[in-house]
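Keeping the supplied structure of chain A fixed, place chain B upon it in accordance with the hints.
Protein sequence lines correspond, in order, to chains A and B.
Final position of the first sequence in the working numbering is 470; the numbers increase by one with none missing.
Final position of the second sequence in the working numbering is 338; the numbers increase by one with none missing.
Hint data in this document are derived by calculation from the structure and do not stem from the laboratory.
It is possible that some hints are incorrect.
Unchecked claim - Capping the alpha-carbon separation at 25 Å, the derived lysine-lysine pairs in BS3-like fashion look like this:
hint	chain 1	residue 1	chain 2	residue 2
1	A	Lys-38	B	Lys-235
2	B	Lys-265	A	Lys-186
3	A	Lys-264	A	Lys-254
4	B	Lys-192	B	Lys-51
5	A	Lys-298	A	Lys-254
6	A	Lys-92	A	Lys-38
7	A	Lys-38	B	Lys-307
8	B	Lys-231	B	Lys-265
9	A	Lys-92	A	Lys-104
10	B	Lys-265	B	Lys-211
11	B	Lys-265	A	Lys-181
12	B	Lys-235	B	Lys-211
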Amino acid sequence: MPVEVTMAKLSPTMESGQLVKWNVKVGDPVKEGDVLAEIQTDKAVMPMESFDDGTVALLDVQEGDEVAVGQRVLVLAGKGEDPSQLAEQMKGGSAKAEAAPAEKKEEPVAAGAAAGTGAAPGAGAQGASGGPDYGHSTGSATNGQQGGNGNGAAAHGGRIRSSPLARKIAESKGIDLAQVDGSGPNGRIIRSDVEAFLQNRGAAPAAAPSGDGGAGTAPKMPVAASPARETRRVPHSRMRKTIAQRMLQAKQAAPEIHVTADIRMDQIVSLRERLNAQLSKQKVKLSVGDFVTKAVAMSLRAHPGLNATYEADHMVLHGQVNVGIAVALDGGLIVPVLPDADRLGLVEIRQGTLALAEAARGNTLTPQQMMGSTFTISNLGMYGVKQFDAILNMPEVGILAVGATEPRPVVEDGQLVAGQVMTVTLTADHRAVDGAMAAEFVRTLKGFLEEPASMLL
Amino acid sequence: MAVIQYREALNQAMSEEMERDDRVFLMGEEVAEYQGAYKVSQGMLDRFGARRIVDSPISENGFAGIGIGAAMVGLRPIIEFMTFSFSYVAFDQLVNNAANMRYMSGGQFSVPIVFRGNSGIAGNLGATHSHRPEALFSHFPGLKVMMPSTPADAKGMLKAAIRDDDPVIFIEHENLLGDKGEVPDDPDFVVPIGQADVKREGSDVTILTYSRSVMTSLKAADKLAEEDVSVEVVDLRTLRPLDMDTILASITKTNRCVFVEEDWYYCGIGAGVADRIYRAAFDELDAPIQRVAAKDAPIPYNRTLELDILPNVERVVEAVNSVLYR
Numbered sequence: 014m015p016v017e018v019t020m021a022k023l024s025p026t027m028e029s030g031q032l033v034k035w036n037v038k039v040g041d042p043v044k045e046g047d048v049l050a051e052i053q054t055d056k057a058v059m060p061m062e063s064f065d066d067g068t069v070a071l072l073d074v075q076e077g078d079e080v081a082v083g084q085r086v087l088v089l090a091g092k093g094e095d096p097s098q099l100a101e102q103m104k105g106g107s108a109k110a111e112a113a114p115a116e117k118k119e120e121p122v123a124a125g126a127a128a129g130t131g132a133a134p135g136a137g138a139q140g141a142s143g144g145p146d147y148g149h150s151t152g153s154a155t156n157g158q159q160g161g162n163g164n165g166a167a168a169h170g171g172r173i174r175s176s177p178l179a180r181k182i183a184e185s186k187g188i189d190l191a192q193v194d195g196s197g198p199n200g201r202i203i204r205s206d207v208e209a210f211l212q213n214r215g216a217a218p219a220a221a222p223s224g225d226g227g228a229g230t231a232p233k234m235p236v237a238a239s240p241a242r243e244t245r246r247v248p249h250s251r252m253r254k255t256i257a258q259r260m261l262q263a264k265q266a267a268p269e270i271h272v273t274a275d276i277r278m279d280q281i282v283s284l285r286e287r288l289n290a291q292l293s294k295q296k297v298k299l300s301v302g303d304f305v306t307k308a309v310a311m312s313l314r315a316h317p318g319l320n321a322t323y324e325a326d327h328m329v330l331h332g333q334v335n336v337g338i339a340v341a342l343d344g345g346l347i348v349p350v351l352p353d354a355d356r357l358g359l360v361e362i363r364q365g366t367l368a369l370a371e372a373a374r375g376n377t378l379t380p381q382q383m384m385g386s387t388f389t390i391s392n393l394g395m396y397g398v399k400q401f402d403a404i405l406n407m408p409e410v411g412i413l414a415v416g417a418t419e420p421r422p423v424v425e426d427g428q429l430v431a432g433q434v435m436t437v438t439l440t441a442d443h444r445a446v447d448g449a450m451a452a453e454f455v456r457t458l459k460g461f462l463e464e465p466a467s468m469l470l
Numbered sequence: 013m014a015v016i017q018y019r020e021a022l023n024q025a026m027s028e029e030m031e032r033d034d035r036v037f038l039m040g041e042e043v044a045e046y047q048g049a050y051k052v053s054q055g056m057l058d059r060f061g062a063r064r065i066v067d068s069p070i071s072e073n074g075f076a077g078i079g080i081g082a083a084m085v086g087l088r089p090i091i092e093f094m095t096f097s098f099s100y101v102a103f104d105q106l107v108n109n110a111a112n113m114r115y116m117s118g119g120q121f122s123v124p125i126v127f128r129g130n131s132g133i134a135g136n137l138g139a140t141h142s143h144r145p146e147a148l149f150s151h152f153p154g155l156k157v158m159m160p161s162t163p164a165d166a167k168g169m170l171k172a173a174i175r176d177d178d179p180v181i182f183i184e185h186e187n188l189l190g191d192k193g194e195v196p197d198d199p200d201f202v203v204p205i206g207q208a209d210v211k212r213e214g215s216d217v218t219i220l221t222y223s224r225s226v227m228t229s230l231k232a233a234d235k236l237a238e239e240d241v242s243v244e245v246v247d248l249r250t251l252r253p254l255d256m257d258t259i260l261a262s263i264t265k266t267n268r269c270v271f272v273e274e275d276w277y278y279c280g281i282g283a284g285v286a287d288r289i290y291r292a293a294f295d296e297l298d299a300p301i302q303r304v305a306a307k308d309a310p311i312p313y314n315r316t317l318e319l320d321i322l323p324n325v326e327r328v329v330e331a332v333n334s335v336l337y338r
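With the rest of the complex left out, here is chain B:
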């Protein structure tokens, strides 16, 4: 297994799927000539040509719609939003057309499309470029939502998304793009949609998390291990549909849960997941579920304030201690 970057893993996933299936193509701003604003599609124009690696103008509503139309007539588009904040311009296409098409057409049309791009609170990008749209898209029936945390997951999950016959919202994290990790070379390595992953085993408390917060949570778990607190870190990977089996197995083991997420607290992903845990495993809980999320404000440009708004190791440790009544 090669050690490669998260962005290279995404590139590999798309390239391998385009090799495997010539219906797959990539479209978005700067994906071809400029090799991707974040260099995710580096080298793909040379390899697959301008028919399959398509530069689009700044017209999210338009090229998202074109992608949906293409998917309806048999192609398998990957639509890149340079940053996911821009997907809001195409919101109608995503939540009215892509999400509903199979249902509205009585099953006559499927929309095998992937909308991907990065999001998250990165470094000094200001309020409009620091969105975490996962809770928003997870709200809509008809959309699947995936958020990988490691390079291997990025590759395996994106391949699963491309192979899926329904629309998938695939959200990368800008601060993870340069992370390195071992990634399988096997062209059939896929991480199925709806499969969470136990990133660290533990027995005292479960941290449920996803995307970059997985890294924050793992660091917090290391710190807590020094105090003999055994933390299990579960990476949800797919936010919709949820892998309740893995979640419940962990909760049943530890009886305590902290949810760590980078999005805002109110109506965040953790709120929905906590609801499902309370309904499915109320009797397994020895303490209320605690949530660590971004503070309730637009994301500041100022670096100090930006860091303050983010969930961090200290806040995760504090939340774990509070569910342990320590």
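Pulled out of the complex, with its shape left as it was, chain A reads as follows:
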């Protein structure tokens, strides 16, 4: 049996990937587990492994090609099959490739509903549907193997691979290599990549004088030449492109409603102090954000309509509460997932959040850690932000924007007193969530945070 290998979905938001490098060529024998190619997703360069044995009969795409998820990239000849004969038969696409749109329809479920339905309680993001789909027609992969792939990405790490020469040139020209896409093996940045980047950047300063001279008249005031601070053009990273596309999509597709509330945090603040004193021996330090995560997860359990995904003809109400936690990176934003957050204790939430943030910043998140969130929290409190609106993390129907907990004047029993106050804003998809429903969710959240003991009920 010939095996048609298609472009895998290696990250939840991936719609296409660049085939950076073929590790096989026509005629090569392939064993299960061999790395067939390296794929650049919107997040990292990842290996694409084979789940079958066979002989490479046909490569459908070339290195550097952008390939849609589900599109066939390679055909393996099975035992006893003549690869060259097979290549002739299979040239020019396949039924599988034509079937891709139908499969695509199901993707939002895979990405959004994710770990929800099939997984046993506690299995979390490792659940059956949580792993990346490598697009193999056999579909017999085990989760263990998929975990292995995730580790492949981890091995890539947060390090930027670059040749010594590329580093030297980048340093002398003041280029941050993080902004340069690498075309070498494993995404290694080589001289030509840096030069291409320089050329793009060079276009910007060159354009500036032409703007000045455009009118053709002498300037009225002599303008002193300012010290060289060049205007730069930084090509979009893949992550930036993805963020831009997804933010635009969310704003265009979902009519949003914003619900804002001030929450008294005095009890949380003092509880946090007491608990941290107890936990100091364990070297755990809870943040206000951990209490918020816990309260949000509990509120979601109480309001399943917000722990949901909007589909064309139905709502998907997720069985698990998987809280996505937005993490700011140097070049963008990523949302790793804390599975079953409503079942976790505060210490587990703290440790899980820390580990995810660290992995996110180190660029070592596995696909599992990025998939299957059902609701997202975006916390800018640590920057001293009082209040803001977040944009939906589609296809989720809600995202909570969390501001700083700070002393503010409050009126208590007609008296002006100082209280610890935090402002939160829920952004909800109004197609799925009505104003009252959003307000009830916020009220529940407010209740949990203002009376933390109620979370024990």
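Then chain B, alone, in the frame of chain A:
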């Protein structure tokens, strides 16, 4: 300039130096009456007489030692090993005595001697006659190691070796002995020790190589040129001391390097050279250095297997493509 064979160029180098300096003499098995097992010393017995062209019995340890003694007292011997595999019998003389004498005697003795002969993977000579001892001898401080690839280099380099005041290991290649090329007639034409040669200019990748692998590399460069890959081929010529200036100039120009050698991969000449490049020019490299060497096995007698073990044009092309990420 006359077009002559590599073996004739070696003959010319020795003859001219013997004309110039009557302290120079040649000793080895079959060098006199039989005119050399590979006809390198053809006609030299008639020309210089039996005092200076000396047949020795099969006794490498002995005649190498005699040569070293002669050099210590003022003569300038050329010791021929019929094939360099036989030098192992005289290994102690070469690496303990010749290499160390100047150092051990506090500079009182120099050993102006040339140990020469052919080596390399030739045609069907089997494992013990197909040695590439260059990495072995390059390991020892006190020895200079030269390996010419063309007839002109063979002559110029051997003359430099004979004129040098220290021991020189001069390794010819059996498969090059019949190669022809233009060779200068000037009796003072010498190719100084420690001077590499750019055999072909190029801009995309540098191939560092020596001896017969130069020819393999040039053929590979021709083939790659058809695909618009511009390959620079640098012939090291002297393996110790290395001409790092020429090597680094080329690496700085191309930023990519493939090392082609006929000896074994592990601890081969390329390993030592790559180390020096990494330390001196790390920032000039856009890709790791690739090495093409003989496969890791004794050299088979069978011709098909022998050819398979050798570095060949295809393997060099593949290595060049890999450092270019093609």
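We went through each hint and held it up to the structure:
1. Lys-38/A to Lys-235/B: 21 Å, holds
2. Lys-265/B to Lys-186/A: 19 Å, holds
3. Lys-264/A to Lys-254/A: 15 Å, holds
4. Lys-192/B to Lys-51/B: 15 Å, holds
5. Lys-298/A to Lys-254/A: With Cα atoms ~36 Å apart, Lys-298/A and Lys-254/A exceed 25 Å; violated.
6. Lys-92/A to Lys-38/A: 17 Å, holds
7. Lys-38/A to Lys-307/B: Between Lys-38/A and Lys-307/B the Cα gap is close to 23 Å, so the pair holds against 25 Å.
8. Lys-231/B to Lys-265/B: Roughly 21 Å separates the two Cα atoms, so the pair holds.
9. Lys-92/A to Lys-104/A: It holds: about 19 Å lies between the C-alpha atoms, which stays within 25 Å.
10. Lys-265/B to Lys-211/B: With a Cα-Cα distance of about 15 Å, the restraint between Lys-265/B and Lys-211/B holds, given a limit of 25 Å.
11. Lys-265/B to Lys-181/A: 15 Å, holds
12. Lys-235/B to Lys-211/B: Roughly 16 Å between the alpha carbons, so the hint for Lys-235/B and Lys-211/B holds.
Hint compliance for this structure: hint 5 alone is broken.
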